[in-house]
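> Chains as they are written, first to last, in the working numbering: chain A, 1 to 244; chain B, 1 to 244; chain C, 1 to 244; chain D, 1 to 244; chain E, 1 to 244; chain F, 1 to 244.
Calculated directly from the structure, the hints in this document are not laboratory data.
Mixed in with the good hints, there may be bad ones.
A few chain A positions that, by computed beta-carbon distances, are all more than 10 Å from chain B [as the list claims (entries may be wrong)]:
1. R13
2. S16
3. E46
4. R52
5. K53
6. G75
7. G85
8. G86
9. R87
10. A107
11. T112
12. L150
13. E181
14. R185
15. A207
16. A233
Lysine-lysine pairs mimicking DSSO-like chemistry, simulated, CA-CA at most 27 Å apart [claimed, not checked]:
17. E:K23 x D:K23
18. F:K23 x A:K23
19. B:K152 x B:K23
20. A:K215 x A:K106
21. D:K53 x B:K53
22. D:K152 x D:K106
23. D:K53 x F:K53
24. D:K152 x D:K23
25. B:K152 x B:K53
26. A:K53 x A:K106
27. F:K53 x B:K53
28. A:K23 x A:K215
29. B:K23 x B:K149
30. C:K53 x C:K152
31. F:K152 x F:K106
32. B:K23 x C:K23
33. B:K106 x B:K53
34. C:K53 x E:K53
35. E:K53 x A:K53
36. C:K215 x D:K215
37. A:K215 x B:K215
38. B:K152 x B:K106
39. F:K152 x F:K215
40. F:K215 x E:K215
The structure displayed is predicted, hence computed values, not measured ones.
Beta carbons are placed, not taken as given, at the ideal position from N, Cα and C, and that holds for glycine.
Number of protein chains: 6
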Amino acid sequence: MSRIDGRAPEQLRPVSLARGWSKHAEGSVLVAFGDTRVLCTASFTEGVPRWRKGSGEGWVTAEYSMLPRATNTRGDRESVRGRIGGRTHEISRLIGRSLRAVIDYKALGENTIVLDCDVLQADGGTRTAAITGAYVALADAVSWAQGRKLIKAGRRPLTDTVSAVSVGIVGGAPLLDLCYEEDVRADTDMNVVCTGDGRFVEVQGTAEAEPFDRKELNALLDLAVAGCGDLAAAQRAALEATAD
Amino acid sequence: MSRIDGRAPEQLRPVSLARGWSKHAEGSVLVAFGDTRVLCTASFTEGVPRWRKGSGEGWVTAEYSMLPRATNTRGDRESVRGRIGGRTHEISRLIGRSLRAVIDYKALGENTIVLDCDVLQADGGTRTAAITGAYVALADAVSWAQGRKLIKAGRRPLTDTVSAVSVGIVGGAPLLDLCYEEDVRADTDMNVVCTGDGRFVEVQGTAEAEPFDRKELNALLDLAVAGCGDLAAAQRAALEATAD
Amino acid sequence: MSRIDGRAPEQLRPVSLARGWSKHAEGSVLVAFGDTRVLCTASFTEGVPRWRKGSGEGWVTAEYSMLPRATNTRGDRESVRGRIGGRTHEISRLIGRSLRAVIDYKALGENTIVLDCDVLQADGGTRTAAITGAYVALADAVSWAQGRKLIKAGRRPLTDTVSAVSVGIVGGAPLLDLCYEEDVRADTDMNVVCTGDGRFVEVQGTAEAEPFDRKELNALLDLAVAGCGDLAAAQRAALEATAD
Amino acid sequence: MSRIDGRAPEQLRPVSLARGWSKHAEGSVLVAFGDTRVLCTASFTEGVPRWRKGSGEGWVTAEYSMLPRATNTRGDRESVRGRIGGRTHEISRLIGRSLRAVIDYKALGENTIVLDCDVLQADGGTRTAAITGAYVALADAVSWAQGRKLIKAGRRPLTDTVSAVSVGIVGGAPLLDLCYEEDVRADTDMNVVCTGDGRFVEVQGTAEAEPFDRKELNALLDLAVAGCGDLAAAQRAALEATAD
Amino acid sequence: MSRIDGRAPEQLRPVSLARGWSKHAEGSVLVAFGDTRVLCTASFTEGVPRWRKGSGEGWVTAEYSMLPRATNTRGDRESVRGRIGGRTHEISRLIGRSLRAVIDYKALGENTIVLDCDVLQADGGTRTAAITGAYVALADAVSWAQGRKLIKAGRRPLTDTVSAVSVGIVGGAPLLDLCYEEDVRADTDMNVVCTGDGRFVEVQGTAEAEPFDRKELNALLDLAVAGCGDLAAAQRAALEATAD
Amino acid sequence: MSRIDGRAPEQLRPVSLARGWSKHAEGSVLVAFGDTRVLCTASFTEGVPRWRKGSGEGWVTAEYSMLPRATNTRGDRESVRGRIGGRTHEISRLIGRSLRAVIDYKALGENTIVLDCDVLQADGGTRTAAITGAYVALADAVSWAQGRKLIKAGRRPLTDTVSAVSVGIVGGAPLLDLCYEEDVRADTDMNVVCTGDGRFVEVQGTAEAEPFDRKELNALLDLAVAGCGDLAAAQRAALEATAD
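One chain only, chain A, in its complex shape (with noise of 0.2 Å):
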């Protein structure tokens, strides 16, 4: 079976991180997986919330939104709506936890980061995109912080690379990253989270119409390692290229 854009299955979209996109922030990236692209900007402060002050360690939080029309039809704004919608909070939530997964933070010591995940057009695997470009604007944002001695000289406040892909059933196969077509039509979708070391950070697994069995589960588990590694190698040669 071909795919709708003539992918092979355990293929990935094309995957850009254009790093130092924006003049302001610490670290930026504009990421895109095939044509979802989001903004991602890592902002940093010295200090941590009240919760945290006096214990030596840092901080690292997230938030991920949509632009009205990121999407095919314009969705209402949340801020004009007064509330964040149950689907932004989950995926805020999940951006931040993977991220902290790959912080040491006594090594960051008593700074926050915070990670801006802003979508600018949607076309499927959002959160995983927003969690593959978030790391590397992390990544700059520390770099930044050490440059300015902001954290100590010696400290590696990130222990591994961490990056996310979708997988999904459709039609019968299992599929890597789903573009926004092929995610409506999937029987089952999972988002896995994935270190560099090829160990999970997190998978959340939803069956959307039929439940799903051990052997699928396995068949999914086995294409997002992979798509995760892939990723992890774009990571690291973004990083490795001198930002504009």
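Mind docking chains B, C, D, E and F on chain A? Use the hints.
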């Protein structure tokens, strides 16, 4: 290794499913997983939300909440804060998806069932207890509606049972059905929702401390599938008894 | 005239005050006035709100809420609507004032007790059951604090007991402790809060249909004072028993 | 004992009811009880809320609010805080109930009257001044509608007058119509709403310090009934004069 | 062309500035521009917002609001809607900026003055009446503080007077101080705020229908500057009179 | 005097108008005024808001927002705060009015176009860049609708072009198109919106420090009119090019 409450690693806490707890609701269950107690009510109403009118299909949704002093330290009410937190949103959505996985909307007809899961006392596993109890309340509401001919004769809106359990790795050991003290010490925490035939509806695993590998994931899934089987048996037993 | 449930006009519904219902709260009571069931928890914390710091005096406050399916028809959650309704506000304020009427702030010291009264099932008289049950939870929380020396030895923060009951004129007859069906048919509805010595803390009478005259008011007050006396006896009996 | 402003215990403050204060409203009164000044407007609209359509019956409701500097210390605006406080809710509900007590919904027909009571300057008794003034504005709005044949000929939507006054025990003495300084020193504070024929619509007594006994309650009720009688006379006098 | 109320094009409506309207506020003015009536109160408090502490400088801010029935049709309260509308925000900000233009923060010292402008009756020009009246209330609050030595002797916190007026092109003719009926028919609507020396603090011109050209703009500015001059004279006259 | 970035006083920053930036929107432009970058999307939908139904006329509205890290210091999200700030409201309203000034509602027919202007990076002049870019997105959405016959043949909904620019007095000199550093140092700040024929849609001048006189106002208007002319040329050039 012995557990804090003396259970074997693969052992559930004592489970009870007290049907007919509320005189007003069409279905109601006070579910207990050890000291975790959740009041689940199912409210049946004829008609569906506007976006579903004329489809001939029903709708099922859920809301989860916690009383302020269900936990060891009193939490602020979300009604007083004026907004629902991300965790509440996330769990409400999980419960709704889990129950919809066993609903045949056509058989339900244009009727709506709302599941309210209010945690009266929390000791870990509130969301899995809520799903397990809500299924029983849902089944009772369906029977109630069948008794009143609000669902067409011969239609079976429930395609299977559904239950849920938490698993986690604590001190290196995979454990079933974590109580609160185990939960806070877990390196990895996973919630698994299964249908009665042993397939997956949701798999949500999170590395709280160290990332987890494939072998650990497999051990957790084995535990969870067995635990959900035990819970399905408890659900069947409760439904075969006569509600008071 | 016989009442809908066979009671005499001056007769309370069966009252129960189950102490120690919650394992977390410093005081907790599941109170029932017939089919009305309210879970009352008392949360004791050291310290007082900012405006009271340094005064040497404590504080007591209350929050009332109703589960969505406590009533015959499901109500929207106030947390979902994003605002607390006027009725909820009004009852929370009434409960707080009623309990503060028997508190000696100096004797309590700079400690705060929050009473949460959550209606699990409603059948009329939820506010009066809440006050009556909350008093017992409050007394248990005070004892708990005395046992831990959080209140100075010899201090008695409670100056008296406090209980509450509804009365009303239904079909021309003054009745004590209205159930829901009586309440909706009442011409006049009154809630009365009394201390153990029979004095008034609150008198709130409302003409639902016809205005009422002085004679009717007097008949209602007579009923209410007697009913509060019976409730005070039930409170004393519950507190003399050993909490489970 | 002489009162702070030299009044006798059973004496009202100077009362004025200035009709026609607003050029836009169908009825409007600037009511003063001493230094307490409340602008009451009655807005008449054809039609009723959805839940009342087709009933042939009208609806009357009220909203109370206070300007930020109506009081000695500036209060935050509820619009700025984004939520209405419990006190505001409670008073709005009281005013609405009080005026509905003298409305014949059938005679009003399917029309709605909204009473807005905005406190321009507060010196105690704002809710009782609001009820007393709102009645006159309501009467003017009814006349306006009768003049335009929006209410059927021969129908009398008002069944009686309604007025309200505060009473309290200050320094052991029962006093009528408390000003702010008396109010803060009162042991017991009661608001009483009476129809023109001297019957009760609302009786709301609260022990601010010491509980009160039956004898004190009776003394307060005597004072209040007489005071409401004086206010009813003032209302009639105002309505007999020609509105400017 | 004669205007709807018989005025000449360059003529203000009757202006009144009644000082001392409120007994609580440090400065208060009931300002009328024809049938537009705005109650302006100035609340003086020692101290400044946190972000300004230690600067030695004061702060002045403003809030604008409209009573629900100030207009011909009743509007919903912003407190009931739970959010402040864009128009209210915009006008509050304009009033604050306008008054700060004549404040010497150093001379004011670390004190805060809040101007509340509540529209009691609206007939066009509510924001310009509010600015003009608020200046007088502000001046009174400054005098009050000087009288109590809360402002250092010899300091003059007010550097000039400030007033405002609306102008517009109606039926091709430039007109001063539009009433509501003129305002709705205007092609161009402009609000101009001037200091007493005739310079501009704000110029806000909007093409409601046709864009306007430079010549029309100049004609409107000529009218506005003259009108502000007349208002400045009225402000001086009011402040020279003895407040009641 | 030379400007911070070397421009002449009457010189715009480099302007770019990248059409077709979004694959979903009916019109989309990434506009840059120097380092200020705003993503403008135009969403075309058939139908109009309820209050306009049956009029045969269309509607155009706008929403402005800023990403949290568009600025040098991260700002809180308005969706997280739960309310839209006054500045956001004010700018959204300005953009909407400006674009409606060149719309022929009859020619548009009963269709709605929503302009979303999201500031990705801010360096002064975000509202003027938004208006200038939104016009181009609007023109593309109109062409899109004409191509699909959603607008009747021969109808021209756009009556002219519209563009906007900021001007200000910095260090005594009138300057065109202020960047952020100039903006914070400006004594007077003015935003001017012009149609393609050089007439005014909006003139909003504010004295940030010293009030300004007529001569300064005239100098600013001269600069702004010329600047808007240059922007109108850039808009025409962009629209004549083929969108990618």
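> It remains to establish, for every hint, whether it holds in the given structure.
Structure-based check of all given hints:
Against the 10 Å criterion, R13 (chain A) stays outside the reach of chain B, whose nearest CB is about 25 Å from its own CB. No Cβ of chain B approaches the Cβ of S16 (chain A) within 10 Å, the least distance being about 26 Å, so the stated non-interface status holds. Separation of E46 (chain A) from chain B is adequate, the least Cβ-Cβ distance of about 26 Å exceeding the 10 Å criterion. With a least beta-carbon separation of about 17 Å from chain B, R52 (chain A) lies farther than 10 Å from that chain, consistent with its non-interface assignment.
No beta-carbon of chain B is positioned within 10 Å of the beta-carbon of K53 (chain A); the least distance is around 20 Å. Against chain B, the non-interface label of G75 (chain A) holds: every CB pair exceeds 10 Å, the least being about 15 Å. Annotated as non-interface, G85 (chain A) brings its C-beta within 10 Å of a C-beta of chain B; the closest such distance is 8 Å. Non-interface call for G86 (chain A) relative to chain B: violated, since the shortest CB-CB distance, roughly 3 Å, does not exceed 10 Å.
The Cβ of R87 (chain A) does not lie farther than 10 Å from every Cβ of chain B; its closest approach is about 8 Å, which violates its non-interface assignment. Distance to chain B confirms A107 (chain A) as a non-interface residue, since its nearest Cβ pair spans about 16 Å, more than 10 Å. Under the 10 Å C-beta cut-off, the non-interface status given to T112 (chain A) relative to chain B holds; the minimum distance is some 19 Å. With a least CB separation of 26 Å from chain B, L150 (chain A) remains clear of the 10 Å interface cut-off, as annotated.
A cut-off of 10 Å between C-beta atoms confirms that E181 (chain A) is not in contact with chain B; the least separation is 21 Å. No beta-carbon of chain B is positioned within 10 Å of the beta-carbon of R185 (chain A); the least distance is around 18 Å. Not every CB of chain B lies more than 10 Å from the CB of A207 (chain A), the least distance being 5 Å, so the non-interface label is violated. Every CB of chain B lies more than 10 Å from the CB of A233 (chain A), the least distance being 18 Å, so the non-interface label holds.
The straight-line distance between the Cα atoms of K23 (chain E) and K23 (chain D) is roughly 25 Å, inside the 27 Å bound, and the hint therefore holds. In summary, the hint linking K23 (chain F) to K23 (chain A) is supported, as the alpha carbons are separated by about 25 Å, within the 27 Å threshold. At roughly 25 Å between alpha-carbon atoms, K152 (chain B) and K23 (chain B) fall within 27 Å of each other, so this suggested pair holds. For the given pair, K215 (chain A) sits about 41 Å from K106 (chain A) by alpha-carbon distance, which is inconsistent with the 27 Å threshold.
Restraint check: the Cα-Cα separation between K53 (chain D) and K53 (chain B) comes to about 24 Å, which is no more than 27 Å; the hinted pair holds. Under the criterion of a C-alpha separation no larger than 27 Å, the hint pairing K152 (chain D) with K106 (chain D) is consistent with the structure, at around 10 Å. For a cut-off of 27 Å, the pair hint linking K53 (chain D) to K53 (chain F) stands: about 24 Å separates their Cα positions. Distance hint between K152 (chain D) and K23 (chain D) is fulfilled; the C-alpha atoms sit about 25 Å from each other, no more than 27 Å.
Proximity of K152 (chain B) to K53 (chain B) is assessed by CA-CA distance (about 18 Å); at most 27 Å being required, the pair is judged to hold. Only pairs whose Cα atoms come within 27 Å are accepted, and K53 (chain A) paired with K106 (chain A) is accepted, the gap being roughly 13 Å. For the hint pairing K53 (chain F) with K53 (chain B), the CA-to-CA distance comes to about 24 Å; that is within 27 Å, so the pair holds. Straight-line distance between C-alpha atoms of K23 (chain A) and K215 (chain A) comes to about 48 Å, which puts the hinted pair past the 27 Å bound.
Between the alpha carbons of K23 (chain B) and K149 (chain B) the distance comes to roughly 21 Å, so the proposed pair stays at or under 27 Å and holds. Only pairs whose Cα atoms come within 27 Å are accepted, and K53 (chain C) paired with K152 (chain C) is accepted, the gap being roughly 18 Å. Pair hint K152 (chain F) plus K106 (chain F) holds up; C-alpha atoms about 10 Å apart against a cutoff of 27 Å. Restraint check for K23 (chain B) and K23 (chain C): satisfied, since their Cα atoms lie roughly 25 Å apart, inside the 27 Å limit.
Taking the CA atoms of K106 (chain B) and K53 (chain B), the gap is near 13 Å; set against the 27 Å cutoff, the hint holds. Straight-line distance between C-alpha atoms of K53 (chain C) and K53 (chain E) comes to about 23 Å, which keeps the hinted pair within the 27 Å bound. Proximity of K53 (chain E) to K53 (chain A) is assessed by CA-CA distance (about 23 Å); at most 27 Å being required, the pair is judged to hold. For the hint pairing K215 (chain C) with K215 (chain D), the CA-to-CA distance comes to about 15 Å; that is within 27 Å, so the pair holds.
Pair hint K215 (chain A) plus K215 (chain B) holds up; C-alpha atoms about 15 Å apart against a cutoff of 27 Å. This hinted pair checks out: K152 (chain B) and K106 (chain B) have alpha carbons roughly 10 Å apart, not beyond 27 Å. The hinted pair formed by K152 (chain F) and K215 (chain F) fails the criterion: a straight-line CA distance of about 47 Å is larger than 27 Å. A hinted pair counts as satisfied when its Cα atoms are at most 27 Å apart, and K215 (chain F) with K215 (chain E) qualifies at roughly 15 Å.
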